[in-house]
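Peer 1: Residues per chain, in single letters:
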Amino acid sequence: GAGVSQSPRYKVAKRGQDVALRCDPISGHVSLFWYQQALGQGPEFLTYFQNEAQLDKSGLPSDRFFAERPEGSVSTLKIQRTQQEDSAVYLCASRYQAGGTEAFFGQGTRLTVV
Amino acid sequence: QKEVEQNSGPLSVPEGAIASLNCTYSDRVSQSFFWYRQYSGKSPELIMSIYSNGDKEDGRFTAQLNKASQYVSLLIRDSQPSDSATYLCAVRDDYKLSFGAGTTVTVRA
Chain A
1 GAGVSQSPRY KVAKRGQDVA LRCDPISGHV SLFWYQQALG QGPEFLTYFQ NEAQLDKSGL
61 PSDRFFAERP EGSVSTLKIQ RTQQEDSAVY LCASRYQAGG TEAFFGQGTR LTVV
Chain B
1 QKEVEQNSGP LSVPEGAIAS LNCTYSDRVS QSFFWYRQYS GKSPELIMSI YSNGDKEDGR
61 FTAQLNKASQ YVSLLIRDSQ PSDSATYLCA VRDDYKLSFG AGTTVTVRA
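So the sequence lines, in the order shown, correspond to chains A and B.
Just so you know, the working numbering puts 107 at position 107 of the first sequence, and the rest follows in order with no gaps.
Just so you know, the working numbering puts 65 at position 65 of the second sequence, and the rest follows in order with no gaps.
Only chain A is shown next, with the shape it has when bound in the complex (with noise of 0.2 angstroms):
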């Protein structure tokens, strides 16, 4: 696709339920990241892979967050029973190398913990 696209844009999801976030790259991109971004605040790094491979997932806040890339394109970032500390915008990006070239950012998901 022409940009990195993120579905979907806004979600509700009461306390304690299960959601997953999507992630299509820009076709071709070999790195992909993952980052929170609350009310006010820069981007916090997540997660960050390398075609499938999850190489730094430090910046997951809890063992409630997941997330995969399992062919090497489209990514899933999973949270489990959401906390209504985890509202916030999740962004992705992509970028066609490992590094020394611009990382494009989707529009990200709005997540809002009730």
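Mixed in with the good hints, there may be bad ones.
Unchecked claim - Now the in silico label distances, taken between C-beta atoms and shown as ranges: (1) A:27 with B:54: 31 to 39 angstroms; (2) A:53 with B:17: 45 to 53 angstroms; (3) A:15 with B:78: 47 to 55 angstroms; (4) B:66 with A:40: 37 to 45 angstroms; (5) B:82 with A:102: 19 to 27 angstroms; (6) A:80 with B:39: 40 to 48 angstroms.
Read the hints as simulated data drawn from the structure, not as lab findings.
The beta-carbon is built from N, C-alpha and C at its ideal position, and this holds for glycine as well.
Position chain B against the provided structure of chain A, taking the given hints into account.
Peer 2: Frame of chain A; chain B shown alone:
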């Protein structure tokens, strides 16, 4: 986790004036620095990247980097109402970006 600090906003400037944004970072080995613009409800958009000490100009934008002082800045000349947005400073460590909290700029017509 690297720390990236930006001058607190919001910053309000009249149309046609210069907007000056500042950013400091804590990791001396950082090599790549970026400014992103984020409109409300939209995704961050890269507007400037800088890798070596000195100034880099692109249209109305000038980025300045001083690695000894661990300081990077962004100047927006001839500010326009369309420049009203949040500006995020980002530092790259190998593959991932660390962002500041952002400075919100409002350009008054």
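Peer 1: Could you run down the list of hints and mark each one as holding or not?
Peer 2: Here is what the structure says about each hint:
Between residue 27 of chain A and residue 54 of chain B the C-beta distance comes to about 36 angstroms, which sits within the given range of 31 to 39 angstroms. As the Cβ distance of residue 53 of chain A to residue 17 of chain B is approximately 48 angstroms, the hint placing it in 45 to 53 angstroms holds. Remark: the range hint 47 to 55 angstroms for residue 15 of chain A to residue 78 of chain B is upheld by a beta-carbon distance near 48 angstroms. For the pair residue 66 of chain B and residue 40 of chain A, the beta carbons lie near 28 angstroms from each other, so the given range of 37 to 45 angstroms is not met.
Distance hint check for residue 82 of chain B and residue 102 of chain A: the Cβ-Cβ separation is about 21 angstroms, which falls inside the suggested range of 19 to 27 angstroms. Our hint of 40 to 48 angstroms for residue 80 of chain A and residue 39 of chain B is violated, since their Cβ atoms are close to 32 angstroms apart.
The structure shown violates the earlier hints numbered 4, 6.
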